[in-house]
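Residue numbers (this note's numbering), protein chains in the order written: chain A, -17 to 461; chain B, 234 to 328; chain C, 6 to 102; chain D, 57 to 283.
No lab work stands behind these hints: they were computed from the structure. There could be a bad hint or two in this list.
Claimed, not checked - Facing chain D, from chain A, some residues (calculated, C-beta under 10 angstroms):
hint, residue
1, L(-13)
2, G41
3, P46
4, R85
5, A123
6, V164
7, G168
8, T182
9, L186
10, L386
Claimed, not checked - Distance ranges between label pairs, derived from CB positions:
hint, chain 1, residue 1, chain 2, residue 2, range
11, A, W390, B, S312, 31 to 37 angstroms
12, D, T251, A, V397, 39 to 45 angstroms
13, B, L244, A, V242, 37 to 43 angstroms
14, D, W173, B, L244, 15 to 21 angstroms
A virtual CB, placed ideally from N, CA and C, is assigned to each residue, including glycine.
Chain by chain, the residues run as shown.
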Amino acid sequence: MIDALPLAVTLPLIGAFAVTVSPLHARGLGLMAAVLTVASALSVTATVWSDGVLRADLGGWGVPLGIALEADGLSAAFLAMANTVALAVSVYAGGYFKQESARHFWPLWLLLWSALNGLFLAADLFNLYVTLELLGLSAAALGAITGTREAVAANLRYLLVGLLGSMSYLLGVSLVYAAYGVLDIGLVAEAIEPGPIAWTAMTLMIGGLILKAALFPMHFWLPPAHANAPAPVSAALSALVVKAAFYLALRLWLDVFAPVLNEAAANLLGILGAAAVVWGSWRALRAERLKLLAAYSTVAQMGYLFIAFPLLAATPPGLARDNLLAAVVLLALTHGFAKAGFFLAAGMVQKTAGHDRIDDLGGAAQALPAATFAIGLAGVALIGLPPSGTFLAKWVMLEQAMILGLWWWLVVMMVGTLLAAAYIFRVLSRAFNREPTPYRFVNDARTELPALLLGLIATFGLGIAAQPLWVLLEQGAFG
Amino acid sequence: MNALLTVFDLLLTLTLLGLALVTVTSREPRRAVILFIAFGLLLALVWARLRAPDLALAEAAIGAGLSGALMLAAARRASGRRTSPAEGSDAEDAP
Amino acid sequence: MTDQVLYAQLLYGGSGIILVLLGLWSFLVHAALLRKLIAINLMGAGVFHILVAIAYRGIDTPPDPVPHALVLTGIVVAVSATALALAFGKRLDQVDD
Amino acid sequence: MIRPLEHILIPLGLLAVGGLLGWSFFLAVTGDAGERLAPIALARVPDSGVSNPVTSVLLNFRAYDTLLEFAVLLAALLGIWSLGSSGTGFQPAASVLDGMVAGFVPLLILSAGYMLWVGAYAPGGAFQAGALLGSAGVMLALAGHRNAGLPSEGRLRILVGLGVFVCALTGLLLMLFGDGFLTYPAGFAKWLILTIETAATLAIGATLAAAYLGGRPAAHPTTGETA
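Just chain A, same shape as in the assembly (with noise of 0.2 angstroms):
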């Protein structure tokens, strides 16, 4: 019996032991474990999209006392997603990183992977709890793998910050087991009653989700920390790894709060949300280099995201309501392949100019063709041009904004969608600013096609080619 579902967490896993014990051939068993794990994976996706709902009882034990790994609408959207950043990553790695450096990143980046495609996956909340964890140290490591002051420094505080987050959620759940004795989320949804005790949980468990996915004010570690780690693993930390405190953030809200939502909750995360829009899109905008300038730009798009909350909240389930979450879902997505895309570019830029200081980027688009074009590609998208998946989501999201008569989360979504555009015109025009000299348009393969894919994808991939999407979450994620 072949089962994908814990193949996608264990062969990473199997990957992590191997790149381990032989950091000589660290890149070739590296790149097989991720050729493997994205197999897996994305046949959990094709399975939930002709099949359904997948459920795996590890152990044979069943609930409430094993755990299972379980793959809805939602989760394979967010697996696929990621895996596919996730091997545009490592084929970016493998030309980026040389030996030394290489036998740090591979089994560090692996066991990161295994725990995100668990956190995808899992249907326990103490798992849930596990798999935070190993994403939150092995993303930190990652962050620091340079060694430099700053990154060390940056990450060390990425370190703290998160087990405070991942403290105030296993808090959390051990009230939810107190209260039900359950930690299965399907049992935990069916037994939780409105009342102090949920509202407690959950407060503590989205509070903690909450400072890992860097909503505004909690935003404060992410740009040193993303800004200062090598381009690939920026690329996964801004991709990935907030949007799966985020992934998790709205399945505990959907699935396990649903009986006790209310509508002050989600503005107030709608509100931080849009404080996340503002203050993030003009920082970026005011940023020196072209990596703050992204980590920046994550940290106001973590806030669209947010901004879901309260439309929501307010809209009655429905068509309406299925629209704005493969709306949301949509943006995580985009967003997910945008700025992998951008900071691999960036990181070919820096590489190449020796430095991503964007008042000295002139003439970058000449050298590095394919990096500047995924940059642009990148920014269409982060600014919701279209005909880019952000487009269509923010679209649908103003568009329900306008029904319930909700026109200040528009406002905000306009003035962020605005200071988006200028800073990233802002970069294009520093990288054009040169008499144009013929060049090769691509350098090097290796680092320069997976960015480009990535912008291609966000741009156009899931911009026209949306509405798979919408099949693959009526597979138990619409209400």
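Assemble the complex: chain A is given as a structure, and chains B, C and D must be docked to it using the hints.
Same frame as chain A, but now just chains B, C and D:
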């Protein structure tokens, strides 16, 4: 018997909380770590009282023992580094 | 559940909550890495203490093994995180020197 | 001196949080959760292959958690190693300490083996045994042994990944040729658990000792490794 146990529980809890309080309020790194180790050992004792001997063993060996050893090494470095000028305020040697 | 058990659960669980708050306070107000780590370990100990308290079912009834297993997992995670954070701190000292 | 944030605002906030927590916890404990998972778990212990309930949960009912936990330990150590080599060891210890260590270390290793074996039916198990092995390493390091008694880097790398590898491989083999991921066939549970626990004990001991050294083991003279 029950009354005795009640009093014992209360004393144990108060000692544990008192130890935690002096641990977090002590400024000198080495002292704080040693208090933390003592706290971990007492916690292990409390868990043995709560019929969790597996956890008592693990907490004594890992929570107090190995975490403590790791922190002691760090505390030694910390006090080694600031032998010379300022022994002063705790907020100064920020990470 | 007898009053004796309820009393123990509330007493020890309540002290677990106090430990969490004490650790959180110390984490927020102290800047030194070592004090932050002690604080976060204390918070962890508080959460574990709550779990051990709810697992307790009386002096002669076997306790609930599930929270015990969760705590054991938590202890190992805590020592891993502590070791990694201390290594970061050591590296910072080295770069500074 | 009174600092308003530190002495007033944060404590007040924490008091509010504490009140909410205490209230919820009181309601949760006095509510109708009944005996939670205790009766179900205890009833299944006889089928788990071991008679210590905590070991049953850790290595059978919730073995998947434990697999990820091994991965957390490995991640922490790999993170420590990525930051450079361990640098200067400790000062060689005075002879008295050295003598004590010479007596203590074998005792710790023996107790670790005992703890591992006894974990099947009494308090103990892989984590406690691994911790004892780790403390043996710490003692050796304190006594001035540069590598805390750990093997050369090549073997050490195998050792620290052993918990993840053996547990994951067992899970996968049981999935491919048995009833499902980490689903032990009747009659084999005891031995499979013991196998995983043995690997885990070695891995935990080696990882904790290596983490104490705080960096990759000092280069072996023949390999000429540089950080």
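Violated hints - listed by number, lowest first | Hint check: 7, 10, 11, 12 and 14 fail, others pass.
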